[in-house]
Amino acid sequence: MPHDVIMPALGMAQDSGLIVSWLKSPGDPVKAGDALMEVETDKATMEVEAQADGFLTRVTAAAGDTVPVGNVVAVIAETADAAEEDVPAPATAAESPSQDEDEPAPADIPEGKSVIMPALGMAQDTGLLVAWAKAPGDQVAADNVLFEVETDKSTMEVPAGHDGFVAALLAEAGDTVPVGESVAIISAEKPADPQRRSAPTNAKPATASKDQAPKTEAAAPAKPTPAPVKAASVDGVILASPKARRLALAEGLDLTRLADAGHPQPYHVRDLETLRAMPARGTQAAASPEAAAARHLSARVPAAGLSRFLAWAREEADGALDQSALLAGFAGASLRATGGPTAPVVDVETLHSLKRFAETAEDDAATGEPDLILRDLRSSSLSGLRMGAEAAPVLTLVQADETLTLTLECAAGHLDARSAILLVSGFAGRLEDPLRHLL
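Residues in the sequence shown are numbered from -1 upward in steps of one, following our numbering.
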């Protein structure tokens, strides 16, 4: 099926991006991972990669165009000669799907700076608003956390991006909001009548049209309306986010225990803390705190050393520098120094790409779980995060001004306390003085 290519958010406060150049032409074949275009924001210029195999069609923006975040700029079709009518036309700002022609226009929104739903991954087109950290009328600074957002891969805190007051919250916790859609308004002056409303897209699921209701609704009258005490599962299926399911499976946690205890569904990553704290079933002794706890370590180092090293390496390589490969080498060497695997497999994730680096040619290195995940989020506006243990230890790198903050999160079973400390200390040392790794 056709795949939309959207303008991504390379920063949390970004609402548009400038297309610097197209690296593929209409009709060209593309593979998932191929660079399609270069996009520039006020902080960075990055390559945007294809998220599906196919042929590039329906290019609606040219080099030099500034495009709002979330707008479709091209379509990847299954065949080169795909008929125009078979490829859905990209949505434009004038054809926003968030409001139907028959609906009345919403009440006037207060004036101010808009805060949008960010794209935490290149293939993401919506985000689940988990919780608001501020209320209407509250005063905020640009770096204050405004809300939490969850995708199928992560849960992150999003800063306000502007100094001022919360004039309007345009979505409620639990709403799924399209990328690029405004979720809040920050005004310079304290609002006289701050507003709060639900996202309009919540009332219209994209999977059902006006003329054809989902098949499951036909049988609905035969079932009594479920009691509102807790959200019921569907035919015995537990409702949970993909990430919550993945973490529960990796840690051997049973999500049905939350349902049996009356905790409302759907479950998210934050609900796993409640599940971890539950006593073991039956008469078996509860798991020890060491087995249940997740490790969370942080370190801060000056960014100058890494910046100078990358500038030197870029010059030596005539501009062809793969920063992800260098960082994977630093992280792998730091893990090996703890007594870990001699040829570690490291996944490097950025806001727009995922690459695997392995020192072995074995096939299972390309398909199995990595030994270490490194999230390079230096180009984002994040200043810190706490996401919980995943299937492998996770090192996250963010930058604020001239300081790099390194965070390690892992399950106690991945690394003992000494190894976790050695890993963070070793990687922090290599970031501060990269020549230490080369020597």
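Treat the hints with caution; some may be incorrect.
[Unchecked claim] Estimated spans, in silico, between C-beta atoms of each pair:
1) G135 to T254: 22 to 30 Å
2) D136 to S196: 15 to 23 Å
3) G172 to R306: 44 to 52 Å
4) D431 to E187: 21 to 29 Å
5) A341 to P264: 21 to 29 Å
6) G337 to A30: 31 to 39 Å
7) S381 to Q137: 16 to 24 Å
8) S381 to T254: 34 to 42 Å
9) H261 to S23: 36 to 44 Å
10) Q137 to G25: 23 to 31 Å
11) P339 to P277: 58 to 66 Å
If you're looking for bench data, these hints aren't it; they were derived computationally from the structure.
Backbone N, C-alpha and C fix where the C-beta goes; we use that ideal spot for every residue, glycine too.
Status of each hint after checking the structure:
1. G135 to T254: 22 to 30 Å: This hint is violated: roughly 41 Å between Cβ atoms.
2. D136 to S196: 15 to 23 Å: holds, 19 Å
3. G172 to R306: 44 to 52 Å: 46 Å Cβ-Cβ, so the 44 to 52 Å window holds.
4. D431 to E187: 21 to 29 Å: violated, 48 Å
5. A341 to P264: 21 to 29 Å: violated, 39 Å
6. G337 to A30: 31 to 39 Å: Holds - the Cβ-Cβ distance for G337 and A30, about 36 Å, lies within 31 to 39 Å.
7. S381 to Q137: 16 to 24 Å: This hint holds: roughly 19 Å between Cβ atoms.
8. S381 to T254: 34 to 42 Å: About 37 Å separates the Cβ atoms of S381 and T254, which means 34 to 42 Å holds.
9. H261 to S23: 36 to 44 Å: Taking Cβ atoms as reference, H261 and S23 lie about 52 Å apart, which means the hint is violated.
10. Q137 to G25: 23 to 31 Å: Since the Cβ atoms of Q137 and G25 sit about 52 Å apart, the hinted range of 23 to 31 Å is violated.
11. P339 to P277: 58 to 66 Å: Given range 58 to 66 Å: violated, Cβ gap about 35 Å.
Going through the hint list in order, the structure does not satisfy hints 1, 4, 5, 9, 10, 11.
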